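Novice: Listed below are the residues making up each chain.
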Amino acid sequence: MTAPTVDRAAARSGRWHMPITVEQRAASRFLQQLGVNLVALVLAFGLGAILLLMAGDNPFDVYREMFDRAFGSSRAFRETLRSTTPLILTGLAVTVCFRMGLWSIGAEGQLIAGSVAGAAAALVLGPSLPAPLAVAAVVVAAALGGAAWATLAAVPRALFGTDEVVTTLMLNFIALGIMNYLIFGSVSYWRDRTNLGFPAGKVIPESTQLDPYFGVFDAGLILSLALALIVALALRRTVWGYQLRVAGDSRAAASYAGISATRQIISVFAVSGALAGVAGGTYVMSITFALEPRAIAVNLGFVGIVVAAVALLKPLLVVPIAFLMGALLSIAPSLSIFGVSPAVVIVIQGIILLCVAGAQFFIRYRVRITRVEVGSR
Amino acid sequence: MPQDTELAVRTIGISKEFFGQSVLEDVDFDLRWGEIHALLGENGAGKSTLCSILAGLYHPTRGEMMLAGAPYSPHSPHAALEAGVGMVYQHFRLVEQMTVAENILLGNPDVPVRMTASGLAGRAREVMDRHGLWIEPTKYVGDLAVGEKQQAEILRLLNRGVKVLILDEPTAVLTPREAEALFAALRNLADQGRGVILVTHKLREVQQSADTVTVLRSGKKVAHQRVDDTTTHDLARLMIGDDLEPGSGSVDASHTTGDKLLELHSVSVVSDAATRPELDGVNLTVRAGQIVGVAGVSGNGQRELAEVITGLRTTTSGTIRLRGEDISSQTIGGRIKKGMGFVPEDRLTRGLVLGLEIEDNVLLRSQRDRGFRIGPFLRLSAINQWARRLIDRFDIRGVRKGLPISVLSGGNLQRLILARELSRQPALLVASEPTRGLDVGAAEAVQTILKAERGRGVGILLFSGDLEEVLGISDEVVVMYEGRVVASRPASEVDVAQVGRWMAGLT
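One line per chain: the protein sequences are A and B, in this order. Under the numbering used here, residues 3 to 379 are what the first sequence spells out, in order. Under the numbering used here, residues -16 to 490 are what the second sequence spells out, in order.
Think of the hints as simulated: they come from the structure by calculation, not from any bench. It should be emphasised that the depicted structure is a prediction, and the values quoted were computed from it without experimental measurement. Quick reminder that beta carbons are idealized off the backbone N, C-alpha and C, glycines included. Where hints are given, some of them may not hold.
If we take Cβ atoms under 7 Å as the criterion, some of the chain B residues that face chain A in the derived model are [claimed, not checked]: (1) Gly316; (2) Thr332; (3) Arg333; (4) Val336; (5) Gly338; (6) Leu339; (7) Leu347; (8) Gln350; (9) Arg356; (10) Ile357; (11) Pro359; (12) Phe360; (13) Leu361; (14) Arg362.
Partial list, computed: chain B residues near chain A (C-beta under 8 Å) [claimed, not checked]: (15) Leu295; (16) Thr314; (17) Ile315; (18) Ile319; (19) Pro327; (20) Asp329; (21) Gly334; (22) Leu335; (23) Asp343; (24) Arg348; (25) Arg351; (26) Leu363.
Cβ pair distances, simulated, as ranges [stated by the list, open to error]: (27) B/Gly317 / A/Leu53: 51 to 61 Å; (28) A/Leu171 / B/Gly381: 37 to 47 Å; (29) B/Glu79 / A/Arg253: 16 to 26 Å; (30) B/Gly317 / A/Ala133: 48 to 58 Å; (31) A/Pro158 / B/Gln408: 38 to 48 Å; (32) A/Leu53 / B/Arg353: 55 to 65 Å; (33) A/Arg238 / B/Arg353: 17 to 27 Å.
Construct the entire structure; sequences and hints are all you get.
Specialist: Right, here's the structure in full:
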């Protein structure tokens, strides 16, 4: 099934020729896809180097420093791992939706909803429950919060076909507004009323604070790894995952197979929202220890889109990619000490996304340089 | 109107091949100025291809074309339009969010960059007055009825100075009254000296509105006549061909004595009250061990009938019974469980999931089957074994582990769908165009499979645009026209000419 397209104008004129042929690949193997994407990553860092040169920095020094600050010491490595956890979860959340062709960009808002719900559960149940149960309660509450927030976009999408890109984006801002209101705009249950200075969230009880260092692995990371495995298995080995994959490939085939689009859309959104919600819950339990708007709304949901895209929407690949992105995120603040703007990290992330998006062309098409006789017709 | 010669368009020996398959063979076609010339033929006869070549969309593989006596070889639709040849496609090239005036004047190099709305409307009115067509120029195209949109499209082309106007199945989307208005407008354009080509498969339209008719069959020109010199019966025979044997298929009486499997009782589908119903009081019976073939020119309700039986579409009224049980309001899944197999017409987009592997594709429509799952979990090894069995039994070639099924050839893909649907041992199989696009060998293989299933007592409802196939393997032939069943006879009692007349809406 290859459909060659030759540059006709060039062939006709005879004088000018473009010796490049683009043909569609019948199918691409996984390793091929991975290879193309790795090349894209290298290219992205190369382009980033040009940018650093233009800014007057030595890219080799900057990259070495970045590497040291991400992996150079056990403390740095732990920081990287802590940034990895939420990115695995938001990456999974995005993966699940995108695999079905639902372009949800609402992981950010669902993460916030999960943080609010998780913090509430921690504050209410934390003092009375033993630690493992309290943590479980926070995780469940965060998942429900995220799922509920996602459902707000899912129901109109399923029933009326409302564009999910717009609704999920808008719901992100609403969630952020609500969280800001809870801490900065009102004396809510989440706000620390004993603190008369700058408004802050009430610190969650110790039973719900995850000991951040289980050796190197924090409990949130273990949970997120387990969820990556579960999502991978669910996609591959359950009826639900099968229906999701069919609907993602062809809506017409899904309806032919008797798959209810309404039910499938809502359940996929709910699962995606739950994953993003858990990201919020674990973030509160292991990093902020309170509903802290400025620490929580740091684009983890949006970076999840980059993670999912670079990971080719494969749940197990989300883990290493989240680790890479987590490293980039964790070093951003310390770069300024080194005299490089933290914005560099964001720019490099953007370049990575562009390179990977561009690389998809080479996965779908094969480009060959062919010899064309000059002047022949 | 410049009239350098009597002929507006002449094609000499035009041939067109797609991927080595011949679609048009050596077609000579003449269009005079001032005439409405009907291009008649069945689906796939090459009408649209010929027009697309004239309109610059395709390039002929061989042959030459003349426009007003001069050599003509447009390299793009834009170049064709510059030369004065414009085509009205079935899907209009209009911007719904713009007004009629904006659409008509869109892309016209004479219109200044800045122009007021009233200025535009005035220019549009001039165009309309000149051509005797009228649509309120300030209305948005999205708010227009289909017939009005079509007129806006024609006006847009006329405004670009089109001398030869090609219309591809223009009445397919129109109500009878809109169609009459269209023909009056076309007659007016022809009287002004333009050449009009009307692509159609409706004999009545040819008789009503055209001066000349060229008939294509399987890519070849079979006739070019003045309409006054022909009858609809002649045209029907020319269009469908008379070289087929009358129903030679299955006279074995044992095939028609099975129990009633599928019964449709006055089934109607009305999606839009303003147009004719998609299905209009259809009665139909399929018995066990019987192939019922549905003939008809495509677009006369066959697709809707298949969809309504299989559950992709809901009935407006009437009942559908499967083995005596009313299934009219059953879900697709419910109907599958009751023993309905379905080979859909769109095999690549609906019948298969091209991006997934063979295991996922044999599982399609069986994903809730107890044999393939334990609770919510799929039994991958059972599915895998099942896939391998079907590959063996139906001789599906080209499957590669770990690669999506898009690597398979058309014949193998169709066998895969059949294998899957038959593996469920259905009581009834609805097969839409099961051999379309297949080469002769692959088509025969599919027909053999269908006949074998009939021998095992499966009832088969076969939809096919290939009349030879319908008459060749069916026990009973049903003819559809404009959403109704106009005839239903044993295949042994009908001949091609008779079926052709029914298909054309004649009695």
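Novice: So which of the earlier hints does this model not fit?
Specialist: Those not satisfied are hints 10, 14.
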